[in-house]
Every structure is written in C-alpha cells, then in structure tokens.
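Peer 1: Sequence:
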Amino acid sequence: MTALLWLRRDLRLHDHPALRAALDHEQQVVPVFCLDPRLLSGRHASGPRTQFLLECLADLDESLRRRGSGLVVRNGLPEQVVPQLARELDANRVFWTSDVGPLATRRDRAVGRKLEAAGAEVRVLPGLFALDDPKALLTLTGHPHRVFTPFHRAWLQCARREVLPAPSSLPALSSAVEAGRLPTLLD
1 MTALLWLRRD LRLHDHPALR AALDHEQQVV PVFCLDPRLL SGRHASGPRT QFLLECLADL
61 DESLRRRGSG LVVRNGLPEQ VVPQLARELD ANRVFWTSDV GPLATRRDRA VGRKLEAAGA
121 EVRVLPGLFA LDDPKALLTL TGHPHRVFTP FHRAWLQCAR REVLPAPSSL PALSSAVEAG
181 RLPTLLD
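Heads up: the sequence shown begins at 1 in our numbering, then just goes up one per residue.
Treat the hints as calculated values from the structure; they're not laboratory data. Don't take each hint at face value.
What the hints assert, rightly or not - Distance ranges between label pairs, derived from CB positions:
| hint | residue 1 | residue 2 | range |
| --- | --- | --- | --- |
| 1 | Asp187 | Gly101 | 22 to 30 Å |
| 2 | Glu88 | Trp155 | 39 to 47 Å |
| 3 | Ser174 | Glu62 | 13 to 21 Å |
Fair warning: this is a prediction, and the values are worked out from it, not measured in the lab. In this text, a Cβ means the ideal position worked out from N, Cα and C, and glycines have one as well.
Construct the complete structure from the given sequences, taking the supplied hints into account.
Peer 2: What follows is the structure, encoded as structure tokens:
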C-alpha cells in the first residue's frame, strides 16, 4: 500500500515520528511538500525566509535521494494539492506531524476532512517538540508561564519523546509519481 508523508516544518529525516510510523505501516512512502502560496506571499513572505526554505527543501531532497527516495514538490493550496495527490497515487493513508499555529491548525483540519471524505486514513503524530503535548507546560489556567522557575519545574516533570534515528534506507519513489522541481527564489 502507498502512503503520503506530508512535510511542512519538519524538514528532516531524524527524530521524525510521522516518517517512522509511515515506514512501519506502508510499503511505499511518498514524501511530499506543498509550496503554499499563503506562506510565499503577503505578510508571511520575505526573500531570506523563502531562500532558507528552498535550501532546506534541497537539503531534504538530497538526504532522501541518498536513501533511495526523493521529495515530491507541488505548488498550491494544501487543501487541494494533498487530497489530489493522494487520489492520483491511490494512497490509503496520509501521515503528518501535528502543528500548533492557528493557520496550520485550520489548514490541517481542512486537509484531514477532505482526505477522510475521499476514504483515506489520516495519521497525525507529534514531532515538532521534545514533548508529545506542549500544552503540558501551560499553567493551571491554560496560559504560558511568565516566570522561568515554574516553567522549569513543569518541564522537568514532563515525559519527553524518544529521539528517533534517521532511516538508513527508504523505498524508491514509484514511477507513477512525478517529483516536480524545486523552484528558485527567482521563480
């Protein structure tokens, strides 16, 4: 079976619970990054930020290729692109790392709804933080600590995830998927 690994801020192979889960459950794992126009223009965009993102994507693609895979890059709204790619590849599951920002949360819910409506299973795993649940560090009233000592005490009491090694090899991309190309800053 085929799964998509939808990458966003987690552009790495080491310490990646969603990647590990996808590899544990599926024969074919297709790593995909969607260049979201909302993040490439307007108040969220800047030349240095975009250049850094493109360099991170190129580095990730090289890491994937060294292990036998590659990065699939698509342009467009993830709410449209990810479900469409899942349909094209007949992917039965889509894995991704949870995110906590307001835009990311809305986007993820919309993508998840569309995937589930199309019959794909959605698997969202922790992985951006050392803790599975960063809300465990909030005060009893649900707010961030304002003083370091109580924050530090809460941090010491939280269970931390195991740091996962990068896989030594990955399944090759199917010939059915076109990887796309990484744009340049001039694009």
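Peer 1: Check each numbered hint from earlier against the structure, then list the numbers of those it violates in ascending order.
Peer 2: Checked against the structure, no hint fails, so every one of them is satisfied.
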